[in-house]
Amino acid sequence: MVPVGACLGLSAVLFAIGLVGFLGRRNIILMLVSVEVMLNAVNVSLAAFSQHLHDPRGQVMALFVIAVAAAEAAVGLGLVLALGRNRPEVSVEDLTQLKW
Amino acid sequence: MAMASLAGQTAFYYLAAVSVASATLAVTRRNPVHSMLWVLALFLHVAGIFLLAGAEFLAAVQVIVYAGAILVFYLFFLMLLDLPREIAGPRFGAHWPTCAAIGVGFAALAWYARDPGLLPVAQLVTVGGPPLGTLTAIGRTLFTQFVLPFEIASLILLAAIVGAVVVAKRKTGS
Chain A
1 MVPVGACLGL
11 SAVLFAIGLV
21 GFLGRRNIIL
31 MLVSVEVMLN
41 AVNVSLAAFS
51 QHLHDPRGQV
61 MALFVIAVAA
71 AEAAVGLGLV
81 LALGRNRPEV
91 SVEDLTQLKW
Chain B
101 MAMASLAGQT
111 AFYYLAAVSV
121 ASATLAVTRR
131 NPVHSMLWVL
141 ALFLHVAGIF
151 LLAGAEFLAA
161 VQVIVYAGAI
171 LVFYLFFLML
181 LDLPREIAGP
191 RFGAHWPTCA
201 AIGVGFAALA
211 WYARDPGLLP
221 VAQLVTVGGP
231 PLGTLTAIGR
241 TLFTQFVLPF
251 EIASLILLAA
261 IVGAVVVAKR
271 KTGS
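From first to last, the protein sequence lines stand for chains A and B. Residue 23 in this note's numbering sits at position 23 of the first sequence; the count goes up by one each step and never skips. Every position in the second sequence, counted from 1, becomes a number in this note's numbering once 100 is added.
Bound conformation, chain A alone (with noise of 0.2 Å):
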């Protein structure tokens, strides 16, 4: 039995963390992983909630997230891909065709 509040706790630093990793690092697969331990945060507070109100569907619903970045996962890294096709560095700040 975990205290749900400790879990919530948990899921809130990882998720904090995660986005620290997506806004601030330049390379572009790092950001993709950081996405990825923002969805296990997510996932920790679902199982955390679906233990403490006795429901499965909290874990049907993580098992949907994993899905979902599974499939997030194959499409970002197509477009890395396909990037890294024209330019070997994989680093957002030389990505500015776009900025205006």
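Simulated from the structure, these hints should not be mistaken for laboratory data.
Facing chain B, from chain A, some residues (calculated, C-beta under 7 Å):
| id | residue |
| --- | --- |
| 1 | G5 |
| 2 | G9 |
| 3 | V13 |
| 4 | L14 |
| 5 | S34 |
| 6 | A70 |
| 7 | A71 |
| 8 | A74 |
Keep in mind it's a predicted model, so treat the numbers as computed, not measured. Glycine included, each C-beta is placed from N, C-alpha and C at the ideal position.
Assemble the complex: chain A is given as a structure, and chain B must be docked to it using the hints.
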């Protein structure tokens, strides 16, 4: 019973501490491969937290899909990187203090929202169904109440596969 509870608490705080530490290391390491290995540690410890929260099937999926499939996928893509140049460059953009402030602010906000007074009260359901978190309970919910979202998820995965191929395909001809 009290001893089992104490062991559970200890295990939870161990897993939580290691999760936070490995997530921090993952987003701050200079070498992307080291980052990936710390993310692997994070995923495995989060699977342990799922086990403690009674979500056995979710823990198995976490290890198989996240640690087994998605992470290996990311590691493959790291092979495309110019690793020495990546290690030589700065890890964070010039705006990293803003990012750290946003992260701390978000964590403080979410920590405040975690106030137990705001939590919904657990209703004690004593239906004689399968225990929570087992494959039976998950499958029963997934294929009755959530059957439409389940099919939509399969469509999303199909679209992602096709989309990844289309996006990453080398343009040939005109």
